[in-house]
Amino acid sequence: MKKLTRDEMAKRVAQDIPEGAYVNLGIGVPTLVANHLAADKEIFLHSENGLLGMGPAPAPGAEDDELINAGKQHVTLLTGGAYFHHADSFAMMRGGHLDFCVLGAFQVSAKGDLANWHTGAPDAIPAVGGAMDLAIGAKQVFVMMEHLTKQGESKIAAECTYPVTGVACVDRIYTDLAMIDVTADGLVVREIFSDIDFDALHKLTGVPLIDGTQDARAA
Amino acid sequence: MINKIFESLQAAVADVQDGATVMIGGFGTAGMPSELIDALIEQGARELTIVNNNAGNGDIGLAALLKAKRVRKIICSFPRQSDSYVFDALYRAGEIELELVPQGNLAERIRAAGAGIGGFFTPTGYGTKLAEGKETRLIDGKHYVLESPLHADFALIKAFKGDRWGNLVYRKTARNFGPIMASAAKTAIVQVSRVVPLGELDPEQIVTPGIFVQRVIEVPQATHQAELAAATTA
Numbered sequence: 001m002k003k004l005t006r007d008e009m010a011k012r013v014a015q016d017i018p019e020g021a022y023v024n025l026g027i028g029v030p031t032l033v034a035n036h037l038a039a040d041k042e043i044f045l046h047s048e049n050g051l052l053g054m055g056p057a058p059a060p061g062a063e064d065d066e067l068i069n070a071g072k073q074h075v076t077l078l079t080g081g082a083y084f085h086h087a088d089s090f091a092m093m094r095g096g097h098l099d100f101c102v103l104g105a106f107q108v109s110a111k112g113d114l115a116n117w118h119t120g121a122p123d124a125i126p127a128v129g130g131a132m133d134l135a136i137g138a139k140q141v142f143v144m145m146e147h148l149t150k151q152g153e154s155k156i157a158a159e160c161t162y163p164v165t166g167v168a169c170v171d172r173i174y175t176d177l178a179m180i181d182v183t184a185d186g187l188v189v190r191e192i193f194s195d196i197d198f199d200a201l202h203k204l205t206g207v208p209l210i211d212g213t214q215d216a217r218a219a
Numbered sequence: 001m002i003n004k005i006f007e008s009l010q011a012a013v014a015d016v017q018d019g020a021t022v023m024i025g026g027f028g029t030a031g032m033p034s035e036l037i038d039a040l041i042e043q044g045a046r047e048l049t050i051v052n053n054n055a056g057n058g059d060i061g062l063a064a065l066l067k068a069k070r071v072r073k074i075i076c077s078f079p080r081q082s083d084s085y086v087f088d089a090l091y092r093a094g095e096i097e098l099e100l101v102p103q104g105n106l107a108e109r110i111r112a113a114g115a116g117i118g119g120f121f122t123p124t125g126y127g128t129k130l131a132e133g134k135e136t137r138l139i140d141g142k143h144y145v146l147e148s149p150l151h152a153d154f155a156l157i158k159a160f161k162g163d164r165w166g167n168l169v170y171r172k173t174a175r176n177f178g179p180i181m182a183s184a185a186k187t188a189i190v191q192v193s194r195v196v197p198l199g200e201l202d203p204e205q206i207v208t209p210g211i212f213v214q215r216v217i218e219v220p221q222a223t224h225q226a227e228l229a230a231a232t233t234a
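These protein sequence lines map, in sequence, to chains A and B.
Numbering of the first sequence is given in my numbering, commencing with residue 1 and proceeding in unit increments.
Numbering of the second sequence is given in my numbering, commencing with residue 1 and proceeding in unit increments.
Take the hints with a grain of salt, since some may be wrong.
[Unchecked claim] Simulated crosslink set (DSS-like; lysine-lysine; CA at most 25 angstroms straight-line):
1. 150/A with 111/A
2. 129/B with 139/A
3. 172/B with 72/A
Hint data in this document are derived by calculation from the structure and do not stem from the laboratory.
My request is simple: use the sequences and hints to build the entire structure.
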């Protein structure tokens, strides 16, 4: 079964981010999206720790320990970027000013509940960061994740079995197999990236899916 | 004449009492007031409640305070890091209490305290484990959770430049919680890389007006020296 690589997923997500968008990329796999944003599109990357206009990693030797992203990695600031404090940063997130956020996930439910902050393991040390704020604040929440766990179970579930990050907050799911919109009518498959057909994808996923792959107007 | 400049780190933290709630600025190591924390460790106050975004990295700064067993409780959003082994060990041994707060709630609770707000409704965390037991309200078709302000006795903050009236500017992503913690704490103690003469900070550029600041100590940072030498204004 053909599957997109993480970079290919990131490239596909980047295609759906228009010029002028204010975007927060969650730590981990979503940060790869930054590598695929078109060089000729001005897109504003927000980082929860207080910067807008985040640029790529600095050249070796040019790192500034006071210029980091949410994942504590060194970054740069684009010309026109700005710094601000934490209350302002989260006002941008919670107040609906971000057009998109891209998040990883353990699970997404059929109703768009997101689980991505806690594995549910009883002895896990809990940590949440800005995940819950992002999940409920961005105008569009994109999830980027593998379609199946290593054990072959669907990460799209009827209900989340992992502790929830946000309720009914996900708008679109990009996996290594397909792109699926969360709608009032249910989960609508818009594109299949893999070499399987809709019925095979439906069976793999194990929750009701609507075939939207033939619609002339894709999202 | 008003002069908020303290001559030593020791004098600045001398009155932190056992059991105090101390906010510490910083996001990871960016903006972490390491020298003030070292002075606090030397001063010996214990049974502290610490408010920070994280719970320490490696062995220095906040991690050193935890390692010295001075902290009873930590209120933070992301304790677990690749190098948070000091916190991890204390937590697993049941030797430190953790109040986990979503980062935006942490920021807004701190801001609210400094702004005199008694409580606020936020959509963050609704329907999750972290909202269990909390009052909720449906407002205009959206669900919210009632959160309370977070006050502190002291705040330890790192800024870039400050003057004798306590006005502050910060540097890049080292700003983070600094401005809001300064307002939320009864006593805000700030280490700056350079104390500048009154008037050198452009009034249009001051990020934390001195009303929120009680103590300023100059602690030069080697990584800032070239930049400070080159600039003549804020």
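For each hint, the structure was consulted:
The hinted pair formed by residue 150/A and residue 111/A meets the criterion: a straight-line CA distance of about 23 angstroms does not exceed 25 angstroms. Of the pairs offered as hints, the one joining residue 129/B and residue 139/A holds, with about 23 angstroms between alpha carbons and a cut-off of 25 angstroms not exceeded. Distance restraint check for residue 172/B and residue 72/A: the Cα-Cα separation of roughly 13 angstroms lies within the 25 angstroms cut-off, and the hinted pair is therefore satisfied.
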